[in-house]
Structure formats: structure tokens, C-alpha cells
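Asks: Next come the chains, spelled out residue by residue.
Protein chains: 2
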Amino acid sequence: MFEVIFLPEGKRVTVPEGTTLMAAAIKGEVDIATICGGKSFCGKCLVEVIEGELSPITDVELKRIPPEKVKKGYRFACQAQVKGNVTIRVPDQSRVGRQRLVIMGKEPPIKIRSNVEKVYLEMDPPTLHDTVADDIRLYAALGSKGILNARLDYRTGTKITEMLRTANWKSTAVVLGGKEVIGIEAGDTRKRSFGVAVDIGTTKLAVFIVDLIDGGIAFADGMMNPQIRFGEDVISRINYAAQGERELGDVQKTIINGINELIEKGLAETGIDRRELYELVAVGNTAMHHLFVGVDTKSLGLSPYPAGLGRAYDIKARDMEIAINQSGNVHVLPNIAGFVGADAIADALACRLHEKEKLTLLMDVGTNTEVMLGSRDGIWSCSTASGPAFEGAHIKNGMRAASGAVEKVRIADDEVSCKTIDDDKARGICGSGIIDALAEMLKCGALDTSGKLVEGHKGVRVTPAGKEYVLVPKEETSSGKEDIVVSQDDVREIQKAKAAMFGGYMTLMRKSGHPTTDLNEIIIAGAFGNYIDPASARILGMIPEVPLDRISFTGNTAGSGARICLKSLDMRREATEVADKMKYIELAAEPVFMEEYINAMYMPNSRLNMFPETVETIKAPKVVRVYVSK
Amino acid sequence: MFEVIFLPEGKRVTVPEGTTLMAAAIKGEVDIATICGGKSFCGKCLVEVIEGELSPITDVELKRIPPEKVKKGYRFACQAQVKGNVTIRVPDQSRVGRQRLVIMGKEPPIKIRSNVEKVYLEMDPPTLHDTVADDIRLYAALGSKGILNARLDYRTGTKITEMLRTANWKSTAVVLGGKEVIGIEAGDTRKRSFGVAVDIGTTKLAVFIVDLIDGGIAFADGMMNPQIRFGEDVISRINYAAQGERELGDVQKTIINGINELIEKGLAETGIDRRELYELVAVGNTAMHHLFVGVDTKSLGLSPYPAGLGRAYDIKARDMEIAINQSGNVHVLPNIAGFVGADAIADALACRLHEKEKLTLLMDVGTNTEVMLGSRDGIWSCSTASGPAFEGAHIKNGMRAASGAVEKVRIADDEVSCKTIDDDKARGICGSGIIDALAEMLKCGALDTSGKLVEGHKGVRVTPAGKEYVLVPKEETSSGKEDIVVSQDDVREIQKAKAAMFGGYMTLMRKSGHPTTDLNEIIIAGAFGNYIDPASARILGMIPEVPLDRISFTGNTAGSGARICLKSLDMRREATEVADKMKYIELAAEPVFMEEYINAMYMPNSRLNMFPETVETIKAPKVVRVYVSK
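Going line by line, the protein sequences match chains Z and D.
Counting along the first sequence from 1, when you hit position 427 you're at 603 in our numbering, and nothing is skipped either side.
Counting along the second sequence from 1, when you hit position 53 you're at 229 in our numbering, and nothing is skipped either side.
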């Protein structure tokens, strides 16, 4: 066994010989970024070796780490194995860190009809001539209030004798779903009732404590999904969990610990008692849902990607070690298939997609983008691998939406002006920034519609690594050492991402039989969407051309959907109805998707007639070639 | 911290200063007998101090331990506190030990209709064009077999993806109560289905593994109830558990460990897989039921002794850490009140008391005797503290039914002949032996009907401690040192015990409004009953005088009742019906009981006309005084 010390925090971890630094970091809960999940191709886990013996540097490291850094002893944490006691420094760039998390989303007004009912009961204590058992006495009292078929939850049942006597036979029964007594509280507590709504995003975790009496949000907070330790993308986490029951348990425990931590914080801030949290409603994409519930996810990672659990479920909080009332209920919304999961249902519910009179496109943009197209007449859905480019991965100067990220770009008369988050000196570009940048470059002619940087245009320069467009000169950056640029490869990444989204939309449109002109409205959900300029997104052809006033950004509606389902049983019923009605299209099985994907690689699209207004604003050379599958 | 070594087993236990030897023994699971639960009045926990320092001998020890033993260093384990490292020898007499346990009982024929349904399903695997979730696919397959509303249990749900694929989509679903899927097994396993029936007696624990297909008993075994470590009587255990949640947990864990141990043994002997045990049905008196389920029992120990849980309950096996299928179900039968618990319901069911055309008396004889009087027209019940005299406690030479216990006594021409268990040399008298002895002594005139030993009668001798009757002269005993006798005090103990039983019966009879002549049949249940001579019991007036051919001994029908409820949902329904219909009489609230108790102190009774046949057989002086309450 050897000791690994991580600087600057000074965390010490003891591991057997041969353990990778990444595994040691996971064990010690040291924050090291990884996107590829330890497959050495993302290059985000670069660490500096201060002293100690590690396995020899690998070919892949020699190829990917700049020679001057190799000389200084830099290694990839996922490659270097411990061979003795070592001291490691984790540079800031290799950390996931804190970032701007959008956890709020638009919530429709609903009538509260929660699953939690509180009934105040006054009972006569037993006497020698009335020795009726405590539970039967309780059921009789509940019966007199119209609750006829409730039964005590096991844990609550074991405490009944003490609870009724402590309360001096004046108590409030907490009844779940009209059928299960999950609490007996002293006195009249009918005014206090709380629940928890959770949105488990691949990247972020949002937790809300909701007042089930007035519907208000008592507490809201978010954190990075701590499962990021097992890989930034879903497939890395599925692969980690697929190694065995223990590993699956690790991944599950990690997210539950994260949720419990936020709940703990909420209780401390609000003075609510843990036992007053009677229910928790969770949503997430199918993989996040399964890893939260603890469902074996091997099959989710393999074609044809069916969900293990498709229906809504109620699970005892104590079975999952969720830190609410241990007799309480964890409700998970239904999943559809592939990545169209409970979060998509939540989005649809919160955005009332199933009530729209006219055809509406709802996209929840993330590493996987869920695309739903429909109205009250029916909903088609698919999931498309838009990739992490919008979150800054695979982008030369990409970064998440954190301080110093370029989030808005305007190019006027070939002069670039950038706005950064928190108005810090620029450190990189986040998703909304790169969308703006590309749209502006198209408009000014620095980029052609096929995605080629136009040589000779002001700002475009040629380097040995290829063409790039300078957004922020180095003297204006935080490091002061390197320009922040959009590279030709970056453009390709964004083209692929937006083509995936638009291809998904068009496939659904064609499946639905509607002409594209039927589309009336676009709703963009997801943490990322809030900061996108809709005009820029339209210019890129991420979304179809509808009037700007019919494009809305609703934020984290997955969280909103979780909250309304927590507050209303009617919403849960609707969730099941939406799930039952939603038609799922597996894009891998649709040749049409490839055709639409290729056409959507052009900006806005090779079918220029679909973007008549946009085309007017683009100065760039219009290089297009329409592809039609046989 | 000091070390206590228990000889001869050599068990070492480390405890803080001031710990009693009894507490150290409990911690080390060393078998030391206690009846009083550490209150120093039973004198069963005598141990020999080999070396080491203990707290000074107490007054109560000086009074109760013979001086020669005090000199040799004998102490009561419940009194002596550790003051240094000590070595203790636990003599055989101070151990609970192994003993004859009657675990079988009469079982009525029933139609099997178990709660466990196995359904063989062949499903189509998902394809890119059929991405229906695994659970919905399963529900559809179940629906095609007529099971429409089943839902996956949480733990089973987390394994569904793996289970269906391992089974290559040909699997057997295990459905509980038509509504919960608790297993998905590879292939067609419809022929294998098992459950566990458990009878938790105050003294003994019986476990049966039952084949739910053919109804056969695959395994049956018993052990002493390991809770005996917390006191032989129920009140001692309730008092121990009442100290706090941890102590209640200790007592619960102890009985569950005992059950799990027997299950383990059964699995090893039968080759059944633990996951094939889908259900467990448990019965016990109210206190045993509550301590098993983990219900706070403080109120059970206090007048008016109401049960905490009166209804039947279904509890997840994993919630109770019962070692059957973790998704399986633990079903506990309903309780009535006081000590009339799930075991009494089980007795009534197994003996079909609720179907009798004529008035029948059913008594389950134990430390507490449950008395039920009734027919298909209704059942009255009560519980009476018959005490542990029939189990050998409070009897000078009393012992449990183990090798060497006198179990049959005949006195002919004033010559005593005794039969011992296993025909060993006599070590003491067990319950059936003492009943026989008193009946024979009455018949031969050595005892009068008021319970006085008749001075001058052959075999009756006067000692400084009082009169006694010699059953086995010392030269015929195993020790060879002391005669085995029935003392005047022993007679009193038996009088009190049988008066309690008969008083209970008469109270019910009077409450029911029936004349005593309506009684048609007597059923004696309980481990102890099997060996009683009904004629002797009748002579003593333990039971009323009905023809001997209408007196039956059914053994452990509590266990039988558990088995039939395991095998049949109809029986569970009947159990609830019986519980709902059974009228409970709390004897503490009935002045009539005291009157009947006093009259029943006479043998057979002060109302001699109630025992016309018996009276004919008694040579003893008929000393009676009828007591009538005002």
C-alpha cells in the first residue's frame, strides 16, 4: 500500500500498488476532471507530479501532453499508476470546480393535490373495558374522517404505542396516497408538510424543498452531479457501473449522497425537520434515472437501448437511503426509451406540450438533447447525441459556463466584442458564446455555410494546426499568454452538435407526417438554453426558422416537472398519460435521420429555402449541397 | 475494562467495571438460566467463582444461597458485579440447556392457495423498432396470463435488465398476492416454491419450511427461544426492551437471529435456495409478536395491556432482516389483546374452533395460558397467568421436559412408580409428572382436596421446611444424593396455576351465558399438553369434567396455524374474521374471575357437583369451602 498526497488540498489516500492516480482521486474524493471516463482521450486530467514513483509514461501521454509539460513531470491521472508514495498537484484547469448552474425553470400554475394527507385525530385511550389495539383504534379514528383503507407503514407501526401516548392521544396522522400511514405526530401539525423535488442532470443536480400546503419553494440549490467522478458522459458512467454490483452501488451511492447533502443544507437553512419531508420526486434521463434507482444499466449502453424501468415507481425512502422521513416515499416518473427519460416527461408536463393546440417543438438541450415534437394530438420523441460541445468540451478554448467564459459575441464591421460571465477577464468560451461567435462569423462572412473559415477574411488566420478565428487577443485574456480563438475543428464540433439536434427534429417532423410549415412554436429547455441568443441559434440552424417571438427559453423545466408532480397527483397521472402516448423514434433505426443530419451540417442547412429570413442576414458564401437518401 | 472467563466453555468477554456476571454472559452469549430476569428471586443463575474480584456478596444472596455454597464462592450471576478480571464456572444446573421441544401439532386439511404465484413467460427481446422498456414488456406478458396489476418490487426492479437477459427472455415471474413481482427466475421454475412458518413461543421457537406446491413440510426444527437470555418470562423481556430503542433492537435481533439460524439449517438440509423462500408467516403471543416485529412494548406491560398492532401485517423481509428472499414478504397474523395474540388465532384456526357446532374449550397451555371458549356462533377469549410451574419453575425438584425428568407417576397401594424422559435416572419432575403426581396423591389420599399433604399418610413426611411427599428416593436418582419430592409449596404452585386456567375458563363460561353443561369438547394445545394424562388433569380440576374421549391434545397448533396461513390466503382471511369476531375478556376487570379462581384452588374444585365422576375416584379428605363474590 502506498500513500498519494493531492496538493494543494493535502488530501492523503492510501492505495495498493498499480492504482491509477484517477482511481486514487476518486477514492479520496479529490476533484479531477474527466470527460472520457479514464480512456485517456479527453486530456482533461493532467496533473503535476511533485515527487514519488509512478509507472512509466505511456505512448498516449507522450502524444497528447506538450513536451515542455512532459519535462516538468505532467501526467494523465487516468494513465499514471502508483509505484510508491507520491505527491501530486492538481492544477485548476484539471478541476471540475464550481460553475454557474441554472436550476430554476418555468413552472405552470397547478392546483395542489399532494400525495400527503394530514389528518388530526383525537382518540379515547384504552381502558380495561376497551382494550382495542392501538392500530385498530387509529384506523377507526381515520375511518371517521373518511379514510377507510389506510395501513401503517412498517417503521411507523413499530412506533405507534409510543407515538400515541406521547401525543396524549391527540395526534396528526400522515397518510400517503390515502392508504399508508407514514407518521403519527403529536398535536395538530396539519399546517406543515414538505417534499423534495430532484432533477438529476448528467452534469448538474438540482434539489428543491417544496411546501406542500402552499406550493412555495422553501429551498433550491444545485451542485455538479458528483457522478462526474466516474466520467463526464453518460456512457462512461454506465461502463463504470457495468463492472459489477459494487461499482453500480458506488455510482448510485454517489448521487444519493449528493442529494442528501443538498437536503441537509436545505433543512439547516429552513429549520424544517427531516421527518417533515414526506416525499421526494426525482427525474432524470433514463440513464440518470436508472443509476439513481440502482437499476443495472448494462442494457442501456447497448443497442437497442431499451429502458429497464419504463413505468412510474414508488419506493420506500429507507430502501434507497434517501435522507427524508424513512417511512416516506420516493416517486420516480416514467421513462420512454434510450435517453428519453423521466426528465423529458417532466419537460413536456411543465411546458404543457400535451395541451398545445398547434405543433410545438420542445428540446431539452444537453450532452444528449431530448427532442419532442407534438401537440394535444400526440407527441413524437427522440434523443440525439448532441455531445458536450455546448458545455465546452472538444472545443479548443471551450469551458463550462463559469466566471470568465465568453458568453456573448458581437461582430460589427469586423470588430469583435465579447461579454464574459461575471465580466471577468476571458478564460475561454462557453456554449452560448460559441453559438454567438459562429452566427456572427457567418453574418460577417468569416465563415461559409459549409463551415469553412474563409481565408483572408479579417480575424481568420492560418496556423500549422489549421485555420482559426481570433475572438479575444491574449493581452485581454486572464492568462495573458494565448489568444482565445474559434478553430476550424471547433466549428466542426458545433456543426455536428447542431446537426444532431436538427436531424432529430426533422426526423420527427417527417415521421409525424406534418409539413415543416405546421411548426408553430419552439421551446428550448435545459440549463444551457437560458443564455442562448435565439437569433444566433436560428442562424446556425440549430432550430428551425419560426418567428423569434415564438421561441422561448424555459430553463430547467425538468426540475419544474418534478415539482409539479410532487405537488399534484393529477400531474402524476398526466405524466403516465404523456408517457403512454409519447411515440419514441430510435434514430439509429431511421435512415431519414442520416439524410437530415448531413443536410443540417450546413449552416443553417443545405435546404436554404427552409431558412428564408436567415439567409438574408448571412454575408458568408453560400456553399451547400443537398443530400437525399435513396 | 476487565475480562470475564466463563468455564467450562472458556468464553472470554471484556466488560467495564460494575457489569454483572449476567450482563457479561448475555454479551458473550453464554447460557445462564434466569427466570426472574435478573431480579434475584429465582435463584437459577448460581455460578461458582474460580478466581478474581467481584462486588461484595449481597444480603439477598446470603439469604438464598446455602451457606456451604457461599463458602465455596458461589454467587448469583445477576448480583455479582465485575471488579477485576474473573474466572467463573457455570454449573450444569444453571444452564437452560437442550430439552425436548414439541414443535409439531395437528394440522387440518386445507386447499392450497398460496400468496405466491409463479408464471412462466416467454417474451420477445427488444429491437430497434420495439424499444418498449423491460418492465412494460414484463407487465404485458403477465397481462396476457391474466395478471393485470402487478408491479415490480424495488429490489427486483433494479435487477430486471440482467435477469431477463440472463434468462434469455424465458423466465418465471414470482408474483406475490397478484400485485407484486418479487422475482424473475431463469427458465420454468413453476414447480419450486417454498415458504417458512414460524411459531415464536415464550420458551421455544419452531421453524418449518413448507413446500407451497404440495403443502408438505420440507424441514421442521425448534430451539429454545434465544430471548430467554433477557429473562424467562415475558414481563422480564418487556422490561428489558423498555429501556430504550437499542435494547428493544437487541431483543428483536435475538429472535430474528434464532429464526435465521434455523432457516439456514433448513436450507443446508434440504438444498433449497434462500431466494426460493418467498414468504414467512409468523405467530406468537402479543408480546412475542411485538418483540419480533420490533414494536415498542412498554404499553403491553402496563394495565390495560392493549396490543400495539392488532391487525395482520405484511412486511418486507429486508425491512426485518429475515434471511429469506429479500423481496419476500413477512406476514404476521392479527393479535387480540393482552396475551391473546396471533398464536391464539393460529390455534383457533388449526383446531377449527370457529367451525365447531357445539361449545368447545381450547386452551393453549404455557407460562401464559390462552383460554378460548366458543363455536361457530362466537368465541370468547382470555389470557391467564398460569405461570411457569408446569415448566418446572418454582417447583422444588422441578425441571423442564428433558432427559431424566419424571413425566408419569402412578401410585398403587401406596407404592410409587415413576417414568422418566429417555428412561434416564430421575433428575427432577416436569409438568406432566407433577400433574400425575398430584392426581395420584389425591386418589390415594396423600393429599386432601384443599391441597394439604395428609400427615401420617405413607410417603408424606415432615421436615423443618414443611411437609413433602417422596416420589423418588435418592438412591434411584441421578445424583444419588437427594430424594425427589413434591413439597407442600409445590402443591400450592400447581394449585395456583390450575386455578388460574380454570378460573379463566369459568369466567368465559359465565360471560358467554352458557350453562357449564353446554361444554361439549376440550382441546389442549401447546408443547406441554401432549404429555399430560387427561384423566389426571381432570382430577386436579385443571379442566372441566367432560368425557375423556372428548378431550384431545393437539400439540403445537400455533405452528400448524402458521403453516396453514402460509399455504392458504383463505386461511388468512379466516384469521382476520376470527380475530374480528373474538371477544376478549380482560380478567383483571372481572370480579367473577377472582371468585372462580378461589373456588378452583380446591382440587378438583370447591363446587364438587361440577366433577361428579372425578369425586368418585378421590380417596382424599374432601375439604372444600365454596366462595361466592358479593
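The set of hints was computed from the structure by calculation and includes no laboratory data.
Computed from a prediction, not measured in an experiment: that's the story for all the values here.
Honestly, I wouldn't trust all of these hints.
Identical copies look the same in the list; a pair holds intra-copy or inter-copy alike.
[Unchecked claim] Distance condition first, Cα-Cα at most 20 Å in a straight line; then the derived SDA-like pairs of lysine to any residue:
1. Lys474 x Met339
2. Lys474 x Thr342
3. Lys672 x Ile727
4. Lys534 x Lys672
Asks: Each hint: holds or not?
Replies: Against the structure, the hints come out as follows:
| no. | hint | verdict |
| --- | --- | --- |
| 1 | Lys474 x Met339 | between (45 Å within a copy, 12 Å between copies) |
| 2 | Lys474 x Thr342 | between (49 Å within a copy, 12 Å between copies) |
| 3 | Lys672 x Ile727 | neither (22 Å within a copy, 89 Å between copies) |
| 4 | Lys534 x Lys672 | neither (29 Å within a copy, 87 Å between copies) |
Against the hints set out earlier in the document, violations occur for numbers 3 and 4.
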